[in-house]
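Peer 1: One-letter residues, chain by chain:
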Amino acid sequence: MIAELGHLALIAALVVALVQTLIPLYGAAVADPRLMAIARPAAMVQFLAIGISFAALTQAYLVSDFSVVNVAMNSHSSKPLIYKISGVWANHEGSMLLWVLILALFGAAVAAFGRNLPLDLRARTLAVQGLIGVGFLAFILFTSNPFERIPNPPLDGNGLNPLLQDIGLALHPPMLYLGYVGLSTTFSFAVAALLEGRVDPAWARWVRPWTLAAWCALTAGIALGSGWAYYELGWGGWWFWDPVENASFMPWLAATALLHSAIVVEKRGALKSWTVFLALVAFAMSLLGTFLVRSGVLTSVHAFAVDPDRGLFILGLLAVAIVGSFILFAWRAPKMESGGMFRPVSREGGLVLNNLIMSTAAATVLIGTLYPLALESMTGEKVSVGPPYFEATVVPIMIPAILALGIGPLLAWKRANLKAALIKLWPSYLATAGMAVVALVLLGAPVGAILGLSLAVWLAVSVLVEWADRIKLFRIPFGQSASRAAGLPRAAYGMSLAHLGMAVFILGAVGETFFSSEVVRYVDPGDKIEIAGRELVFEGVEHRQGPNYVAEVGIFKLEDGEVMESERRVYPVEQTSTTEAAIRPRAWGDIYAVLGEKADNGRSTIRIYVKPLVLWIWIGCGLMTLGGLVSLADRRLRVGAPGKRRAEAWTPAHAGMDAGDD
Amino acid sequence: MRRLFFLLPLLGALFLIGWLGYPILAGHNPQVLPSALLDKPVPAFDLPSLEEGDGSVTSTELATGAPVLLNVFASWCAPCRAEIPLMRRLVDDGAITVYGLAYKDEPKATRDFLKTLGNPYKRIAVDRNGRVGIDLGVYGVPETYVIDGQGRIRYRHVGELTRSVVEEQLIPLMREIAG
Chain A
1 MIAELGHLAL IAALVVALVQ TLIPLYGAAV ADPRLMAIAR PAAMVQFLAI
51 GISFAALTQA YLVSDFSVVN VAMNSHSSKP LIYKISGVWA NHEGSMLLWV
101 LILALFGAAV AAFGRNLPLD LRARTLAVQG LIGVGFLAFI LFTSNPFERI
151 PNPPLDGNGL NPLLQDIGLA LHPPMLYLGY VGLSTTFSFA VAALLEGRVD
201 PAWARWVRPW TLAAWCALTA GIALGSGWAY YELGWGGWWF WDPVENASFM
251 PWLAATALLH SAIVVEKRGA LKSWTVFLAL VAFAMSLLGT FLVRSGVLTS
301 VHAFAVDPDR GLFILGLLAV AIVGSFILFA WRAPKMESGG MFRPVSREGG
351 LVLNNLIMST AAATVLIGTL YPLALESMTG EKVSVGPPYF EATVVPIMIP
401 AILALGIGPL LAWKRANLKA ALIKLWPSYL ATAGMAVVAL VLLGAPVGAI
451 LGLSLAVWLA VSVLVEWADR IKLFRIPFGQ SASRAAGLPR AAYGMSLAHL
501 GMAVFILGAV GETFFSSEVV RYVDPGDKIE IAGRELVFEG VEHRQGPNYV
551 AEVGIFKLED GEVMESERRV YPVEQTSTTE AAIRPRAWGD IYAVLGEKAD
601 NGRSTIRIYV KPLVLWIWIG CGLMTLGGLV SLADRRLRVG APGKRRAEAW
651 TPAHAGMDAG DD
Chain B
1 MRRLFFLLPL LGALFLIGWL GYPILAGHNP QVLPSALLDK PVPAFDLPSL
51 EEGDGSVTST ELATGAPVLL NVFASWCAPC RAEIPLMRRL VDDGAITVYG
101 LAYKDEPKAT RDFLKTLGNP YKRIAVDRNG RVGIDLGVYG VPETYVIDGQ
151 GRIRYRHVGE LTRSVVEEQL IPLMREIAG
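Protein chains in written order, with our numbering: chain A, 1 to 662; chain B, 1 to 179.
Treat the hints loosely; a few may be bogus.
[To be verified] Derived pair list, reagent style DSS-like, types lysine-lysine, alpha-carbon separation capped at 30 Å:
(1) Lys598(A) - Lys40(B)
(2) Lys424(A) - Lys472(A)
(3) Lys104(B) - Lys40(B)
(4) Lys122(B) - Lys108(B)
(5) Lys104(B) - Lys598(A)
(6) Lys40(B) - Lys122(B)
(7) Lys598(A) - Lys115(B)
(8) Lys528(A) - Lys104(B)
(9) Lys419(A) - Lys335(A)
(10) Lys557(A) - Lys598(A)
(11) Lys115(B) - Lys104(B)
(12) Lys424(A) - Lys528(A)
(13) Lys414(A) - Lys335(A)
(14) Lys598(A) - Lys108(B)
(15) Lys424(A) - Lys414(A)
[Unchecked claim] Under 8 Å between C-beta atoms, here's a sample of chain A residues computed to sit facing chain B:
(16) Leu315
(17) Ala330
(18) Leu373
(19) Pro572
(20) Thr576
Derived by calculation from the structure, the hints in this document are not laboratory data.
From a predicted model like this one, the values you see are computed outputs, not experimental measurements.
Backbone N, C-alpha and C define an ideal beta-carbon position, used for all residues, glycine too.
Start from the sequences and build out the full structure, keeping to the hints where you can.
Peer 2: What follows is the structure, encoded as structure tokens:
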């Protein structure tokens, strides 16, 4: 009964989404305020209806209603509560339902916070958001109904893939979807702007917080996924350049570029059509990601629903979205460009450089990801493009980005003095050279590592120099500096934190890539294992019973007496096994132990890794996310804040140019 | 001229969609890994049988005049465990004949494995060091090869056998080969 209610609510949502699309669009075309006003309540009702539908599916999982096919296929009565809930989105149908739920959530948020938006822009934005909803709701209802019933329900379900029974994976998809789908809002804003045929700085002011929100979620989502791969897959890696990882990295690059170009539109009224283009591309990349995961055209650990019909349907949606929006772009964008002449050496010049680099990187990843598909279509040959390609292309592209990132924030708008900025950065030169010498002499590090560590230090110190410059540290009395520091806008702190996060991330990535050690061997209980100057004792294997699995537990003892336990779990219901690595995280490096296969005569295979600085990878991502959130909390960007300033901002073209941020 | 510049994204998008759509429309499946040995004879081998005192299993034995399956498996692989009940059912129905290749597995472990799950195989060759697996180009266990009556490889399936794989691909192919 409740499942039918959920199904009905989903149909209702589709109808409401149609209303949300057609009536406001027509209303905006004929300038009828009453018709345009329908967009707001429709967006909220659509969210409510999908919310009911999602709640109904969750309820079916909670009570283990195996008469619903989806529950029977993906759940089991003996599963812990949290994984019954996460089971809702750990399958194709449920995850698509989560997708539209978040889509409708963003629509409702625009409706709720967008009271200050001009009526026609709001109506058009919500109409486009509604149109995306129509596409995906139709996709769910026609090809992937999560509420389908089985006539003869089984006594118990098939269970959930044990790899997915993990807290990281319970959170990773919703977070990633918040990011992917959050970019739908900027897409809708961009299409609305194209329909209106104008982009002014206030538009950028509206687009920036939404991009920032989506970017934060995307960053956190990618970090969670990479963390999960690190501790759950038991290979000790954190990024594999898997097609689906790339599918989340491309929108991230596009969103990063968008975030920065929107600043230029806001402050200088330039780069308008480029920013609109990036907003379209960022969401197109999200859709592409959805397509790659859902259609199974590429082999990947994530491809759990290989179904050509579904693939074609999503490809159709992707085609409508990008072809439609690019036609609109080709038609309207040429008229939109302003005479935003600017010099290469300026803040906006730096931001353009960022955009060039980010888009090049995104294009490089796109080509590498899709190349196997193209080659197979043309020659039938199967290849897979892996880490060697991406490391050889993306990393060199990023090096100039990091160098420029240290200088850019010190440049003034319009016309900057590069020489003055370079002189201010003297502490960075000292620190970078110092790091290079330390890495070379003390660590005897390879060239790549010296370069990487130096870049991390360069960036971190340059961020601090820029901050010190803003508060005039050591140039005016300390008390005045402190009050300047307290008075800096949150957006400035957000920027510094995010850039610092990048430096910290590089530190972690370089540490892990160049300084890891690995030992793989057979051991008898009591054997000593030496690795990277440390010693572990393998104590033996114990058998244990978990809630829905049985485990062999390998016990390792460190020199300091600490015990680490790595498990090999067998899930009898799902007939599969997983490995739980034993990880002791420390700032200087993780010790990572995995119990492998049983070998002859009671011996076990074990793998031990020492991974220096690896923790900083995720701390860096956390800092970037935090930076985004701090920036989002800035008064001038706060989405829902009642703002007289914002209302005024709609008239003068350069109202966004205030000094507070420079 | 400037207008043309703004058409570039559209062209890119159309190209991309064609690129992505073609494999789906042409029915390519990334899970299918064609064997390099397609339509070639099974690489010659002469391996001990798993049954003690059962002599050896040779590659010529696979050319029975009727199509058979050669299933590469190991007791240490979970999907192998999962596909055994299906194979047993099909063997009991007389739908297929399966030879086994116990790949990089200890004979005792293989025997225990089959004791618990039941034995669908007509005979099992023991490939202790995985040598024959290399000749066959085994990508990962389990793998299943369709061998025609003359002992030639006609199809390779990588991964677990599922009901739909067997019913929609292997059995129709075997019927076709048998004429």
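Peer 1: Hints first: check each against the structure and report whether it holds.
Peer 2: Evaluation of the provided hints:
1. Lys598(A) - Lys40(B): violated, 37 Å
2. Lys424(A) - Lys472(A): Holds - the C-alpha atoms of Lys472(A) and Lys424(A) are around 12 Å apart, at most 30 Å.
3. Lys104(B) - Lys40(B): The given pair, whose Cα atoms are some 24 Å apart, holds under the 30 Å limit.
4. Lys122(B) - Lys108(B): holds, 18 Å
5. Lys104(B) - Lys598(A): Roughly 13 Å separates the two Cα atoms, so the pair holds.
6. Lys40(B) - Lys122(B): Cα-Cα ~23 Å, so holds.
7. Lys598(A) - Lys115(B): holds, 20 Å
8. Lys528(A) - Lys104(B): holds, 28 Å
9. Lys419(A) - Lys335(A): Given that 30 Å is the threshold and the Cα spacing comes to 37 Å, the pair is violated.
10. Lys557(A) - Lys598(A): Distance ~19 Å between Lys557(A) and Lys598(A) Cα, so the pair holds.
11. Lys115(B) - Lys104(B): holds, 18 Å
12. Lys424(A) - Lys528(A): Distance of about 53 Å is beyond 30 Å: violated.
13. Lys414(A) - Lys335(A): holds, 24 Å
14. Lys598(A) - Lys108(B): holds, 14 Å
15. Lys424(A) - Lys414(A): OK: Lys424(A) and Lys414(A) at ~19 Å, within 30 Å.
16. Leu315: holds, 5 Å
17. Ala330: holds, 5 Å
18. Leu373: holds, 6 Å
19. Pro572: violated, 11 Å
20. Thr576: holds, 5 Å
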